Amino acid sequence: MTRQIRLGVFTVAGCGLAAFLLWGLAGLPGFGHYHWPYGNVLNQVAPNERHTSNVVGAVVFDYRGFDTLGEEFILFSAVVGVSLLLRKDREEAAPADRVRSDPIMATGAVAAALLFVLGLWVVAFGYVTPGGGFQGGVVLAGAFLLVYLTGGYREYHALTPHSPVEMAEAIGAGAFAILGFAGIAYAGSYLGNFLGIGDAGSLYSGGSIPLLNWATAVEVCAAMILLFSEFLKTYVIPTDDWRPELGPR
Amino acid sequence: MKASDILVDVFLASGVIAQLIACIGVVAFDDVFDRLHFSGAGATLGPLLIGARACTRNRHGACGAAHRFRSGRGDGRRTVGEMIPLQVVIIVLVGAAALAVVRQADPLRQTLVNGFYGLSLVVLFVVFQAPDVALSMIVVGSIAYPLILLVAIARVRGRAEDTTDTDKQ
Amino acid sequence: MSTILAFPVALPLVGAAFVALTDDWTPKAVKEFPAMLIAAATVAFSTVILVRSERTTLVHWFGGWHPRHGLALGVGFVAEPLGAGMAVLAGALVTASLVYSWRYMEEAPRLYRVLMLVFLAGMSGFALSGDIFNMFVWFELMGVAAYALAGYSIERLGPIQGALNFAITNTVAALFLLFGTALLYGHTGALNLAQIGRSLAGHHAGGVVIVAFTLLVAGLLVKSAVVPFHFWLADAYAVSPVPVCAVFAGAMSEVGLFGIARWYWTVFSGPLDPHAHAVRDVLLAMGLVTALVSAVMAFLQRHLKRLLAYTVISHVGIALCGIALLDSKALAGAANLVISNGFATAGLFFACGVLLREFRTVDELLLHGRGRALPFLGVVVALAAVALVGVPYIGSFLGHSTLDEGATEHGLRWLPPLLMLATGISAGAVLRAAARIFLGWGPREDSLLTPEPPDEVPETQASRPVMVAVTAVVVLIGIGLGFAPGLEDRSEHASDRFRDRQAYVERTLDGKVRRYGPPAPVVLHRAKPSSIAYGIGALLIAIATAALGLYRRRVPATARRAGARLLDPAVAGLKTVHSGVVGDYVMWITVGTALVGGVWALTLHGP
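Protein chains in written order, with my numbering: chain E, 1 to 249; chain H, 1 to 169; chain F, 1 to 607.
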């Protein structure tokens with residue numbers, strides 16, 4: 001089948017499909033016409049029964065926490081899959097970037113520290129203000145990445161030794177699922193809330209949401225670091241006499 | 001009309017215009033570094049102005065929603081709204097940026113354009129009052145995804161160059 | 001306690017994290033056991049759920065968020081026998097496959113085990129979930145694990161292409177599912193299946209409902225590989241490691257079919273029932289074309305894994321016909337078919353693995369006669385082929401006969417003979433390969449069969465006795481289901497409940513518990529004479545197909561030439577269409593969805 005035929009048929013079928021989709025979309029309620037009870041009931045229940053002021057956080061970690069368990073494991077297995085598929089590429093080596101600049105490194109160190117604190121904040125207040133384990137976890141991983149960008153592979157590698165990060169990822173993912181079992185033991189349902197609900201608007205609120213939130217943060221941060229490491233390893237393993245096992249000199 | 005309302009409109013219009021110019025710039029220029037200027041502007045100036053607008057007029061912003069809720073007004077009544085011009089503009093912008101991503105054949109440039117597309121989505125989420133999703137989009141769309149793509153592209157290119165080198169030999 | 005519903009998903013997930021964490025420290029001698037034990041425990045929990053769900057439908061609300069005033073707040077799992085049975089099937093095949101692959105994987109065995117457990121969790125979750133977005137999450141989890149497993153032998157070009165084709169087409173499918181889910185949420189404001197079903201019931205099907213239905217069904221048709229969405233499957237199966245193939249073939253495609261049935265009866269049957277004939281006709285046509293086309297494609301292959309992949313697609317087509325009849329008997333037939341064919345096909349893939357270990361190839365022509373060294377395996381393969389045929393009272397016969405009865409009750413007397421033809425051809429292809437390999441019959445060359453690049457098999461420490469034993473056990477289970485007394489009544493009863501939307505909705509949202517009587521007394525399955533005739537007919541067709549494949553040259557030259565003139569263009573056309581280019585595949589998905597959508601837009605609309 002030639003490219004022309006394929007594109008031609010695809011264009012015709014695609015136009016048909018687009019018209020069909022538009023027909024469906026036309027039947028949806030108009031913009032801003034939300035007249036179902038679901039969202040409003042959640043807005044009522046979350047602050048009153050869980051004392052969470054960020055309802056989105058409550059949806060992610062409580063009402064639909066089971067979805068989050070699955071999503072967390074999608075990330076987990078994506079990282080496992082990447083390390084499975086890239087396992088062959090390790091031996092080949094490419095030259096590392098040798099450009100170094102002290103001002104950039106100093107700025108990078110400060111920025112990385114700031115970003116790290118920002119990440120912690122986004123995670124910690126995830127159920128009080130917008131944010132949460134997923135977003136904060138990536139910001140935390142971003143701090144480590146900044147070390148790579150401004151410092152170099154050695155510094156990055158020394159900061160993120162492979163096997164502890166891998167362990168952290170498994171622990172983070174496993175902890176979420178195990179907290180679910182704690183819910184069975186103490187609250188009678190998987191992922192049920194088994195802690196006091198605390199004061200609304202403070203960090204001591206939301207019952208077991210904070211625990212799930214932090215488990216997610218650990219998993220996401222470790223997963224992102226592992227993902228970068230896997231890709232970086234195939235790209236920038238230094239060729240000179242330095243070997244990763246020896247650590248930085 | 002109060003002064004704050006005018007301010008709001010000014011912020012809004014200038015933010016959207018800045019964003020549009022950045023979008024056009026990213027599409028129009030060929031050079032990676034030229035494009036970086038525009039995607040940089042798109043990353044900072046537009047969101048800053050639009051964010052400023054959101055802060056000035058927080059009645060309809062995210063904080064406004066929380067406020068309404070605490071005062072017990074989110075009581076399941078029908079909320080009917082209509083699309084404000086900003087929302088229309090941002091939807092068009094996202095569509096244009098998505099088209100730009102698809103139209104770009106070179107993977108490296110595509111990554112840059114894609115980063116810009118991610119940012120326009122961030123603005124979209126903010127405008128549609130979904131700050132949590134916007135946060136996710138900022139970190140995933142403009143940190144995680146482009147970096148992974150860049151490393152992967154660098155890897156593939158490195159390999160392609162290796163093979164052409166050996167071919168020449 | 002309904003908390004048991006969480007275990008088939010949560011246990012393998014905890015297990016995956018546990019294996020990832022501890023595998024490096026586990027002594028080499030026992031490295032393989034944690035994953036096997038976790039998978040086995042998952043099967044045990046699923047089986048308990050299956051047994052309990054026969055008496056009443058089980059519901060578990062995660063986080064304890066029970067519905068309030070009929071409004072579902074959280075995510076719920078709802079277990080009735082068909083869903084629980086799907087979870088048991090997935091668990092059993094993953095367990096068998098983990099036992100089979102004892103020391104099989106030379107590289108990255110830890111990651112392999114982790115992914116298998118995650119894959120199991122995804123399938124169980126999809127089978128048990130009662131929430132459409134939750135089902136999407138498990139669909140994605142299944143997909144991510146499966147793409148990586150399919151690309152396991154990444155150092156070669158074939159697996160990269162196969163896994164990429166798999167990932168791209170299935171991501172398009174996931175996009176369809178997500179879009180359909182979004183439309184339903186926009187239309188009804190609910191994600192719980194029962195809730196959506198309740199709010200759609202009593203209204204005419206409008207554009208939103210029809211588009212959502214089309215997208216959801218098309219997404220799952222890609223997953224379960226129905227023509228014209230099926231192209232990726234053969235590519236992916238041909239390159240995946242054998243233990244992974246067995247699970248893909250036995251459970252993954254079938255999970256997709258299960259989803260279609262689940263969504264039709266719990267969500268869409270309200271508005272679409274007045275137009276049931278339109279739904280039936282489209283699905284029936286697709287199922288039939290799938291069954292026949294891929295049976296022929298199976299006959300044209302010499303690469304055993306690809307051949308088996310096409311038989312899997314053919315079986316999916318037959319099972320889709322069972323679902324398409326929209327009737328309890330036929331649905332029960334489809335369910336039984338899925339189980340017995342699932343086990344038998346998994347056994348055949350396992351047998352491929354043994355051949356691969358011994359002779360380092362799965363090319364039928366290269367293996368000519370070499371299987372004589374493995375007589376026991378030959379017997380097992382022959383038995384599996386017989387189970388696929390559905391010889392009276394053996395293997396898939398139970399499913400075939402129930403499906404036939406369902407079809408006859410609907411007045412579709414032409415359907416069973418066509419299904420018999422498809423079954424016969426695809427099983428004949430398997431028989432032909434078995435005769436050539438294990439008996440050395442037929443010529444060593446056959447230009448009709450599609451050549452395939454040679455396999456490069458890594459060395460493996462796997463133990464042959466373990467592999468053969470697992471193969472035999474799995475095949476025996478597949479065969480034995482045909483005899484299982486009382487299974488027919490139980491599956492029919494389960495299908496009745498599966499189709500009862502009212503009961504499902506009331507149980508889920510209002511907590512109205514219905515108790516179902518004890519299963520009917522155990523009686524031996526009595527098939528109708530026509531079903532027995534179809535079973536024997538399928539066997540005869542299979543033998544004839546195999547003989548034609550082996551001894552085509554003995555046919556008189558004039559007849560052969562006439563046949564060639566008639567069939568060659570069709571065969572060439574089929575081979576061209578199965579191009580291996582992912583762009584073509586996506587084009588076919590678009591064409592298929594647009595066509596199905598167009599037909600349904602015209603026929604399902606209006607009162």
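What the hints contain is simulated information worked out from the structure, not anything from laboratory work.
On a predicted model such as this, the values are computed, not experimentally measured, just so you know.
We put the CB at the ideal spot given by N, CA and C, even for glycine.
Among the clues, some could well be false.
Example chain F residues on the side facing chain E (calculated, C-beta under 7 Å, incomplete) [as the list claims (entries may be wrong)]:
1) 10
2) 21
3) 140
4) 580
5) 582
6) 584
7) 594
Stretch by stretch, here's where chain H covers chain E in the computed footprint (C-beta under 8 Å, at least three residues) [as the list claims (entries may be wrong)]:
8) 139-152
9) 170-184
10) 204-217
From chain E, some residues computed to sit far from chain F (all C-beta separations above 10 Å) [as the list claims (entries may be wrong)]:
11) 24
12) 116
13) 159
14) 197
Cross-check of the supplied hints:
Because the smallest distance between the Cβ of residue 10 of chain F and any Cβ of chain E comes to about 5 Å, under 7 Å, the interface hint for this residue holds. About 4 Å separates the beta-carbon of residue 21 of chain F from the nearest beta-carbon of chain E, less than 7 Å, and the hint is met. Given the 7 Å rule on beta carbons, the hint for residue 140 of chain F holds: about 6 Å separates it from the nearest Cβ of chain E. Here the hint on residue 580 of chain F is broken, as its CB sits about 11 Å from the closest CB of chain E, past 7 Å.
A cut of 7 Å between beta carbons decides the hint on residue 582 of chain F: the least distance to chain E is about 11 Å, and the hint is violated. A distance limit of 7 Å between C-beta atoms decides the matter here; for residue 584 of chain F the minimum to chain E is near 6 Å, and the interface restraint holds. With a least beta-carbon distance of about 4 Å to chain E, the hint placing residue 594 of chain F at the interface is held under the 7 Å criterion. Coverage of the region 139-152 of chain E by chain H holds [criterion: at least 3 residues with CB-CB distance below 8 Å; count 4].
For the region 170-184 of chain E, the assignment as covered by chain H is violated, since 0 residues bring a beta-carbon within under 8 Å of that chain's beta-carbons and 3 are needed. With a cut-off of 8 Å between beta carbons, the region 204-217 of chain E has 0 residues touching chain H; three or more are needed, and the interface restraint is violated. Its beta-carbon lying about 3 Å from the closest one in chain F, residue 24 of chain E breaks the requirement of being farther than 10 Å from that chain. With a least CB separation of 25 Å from chain F, residue 116 of chain E remains clear of the 10 Å interface cut-off, as annotated.
Separation of residue 159 of chain E from chain F is adequate, the least Cβ-Cβ distance of about 21 Å exceeding the 10 Å criterion. Interface exclusion of residue 197 of chain E from chain F stands, the closest Cβ pair being 13 Å apart, more than 10 Å.
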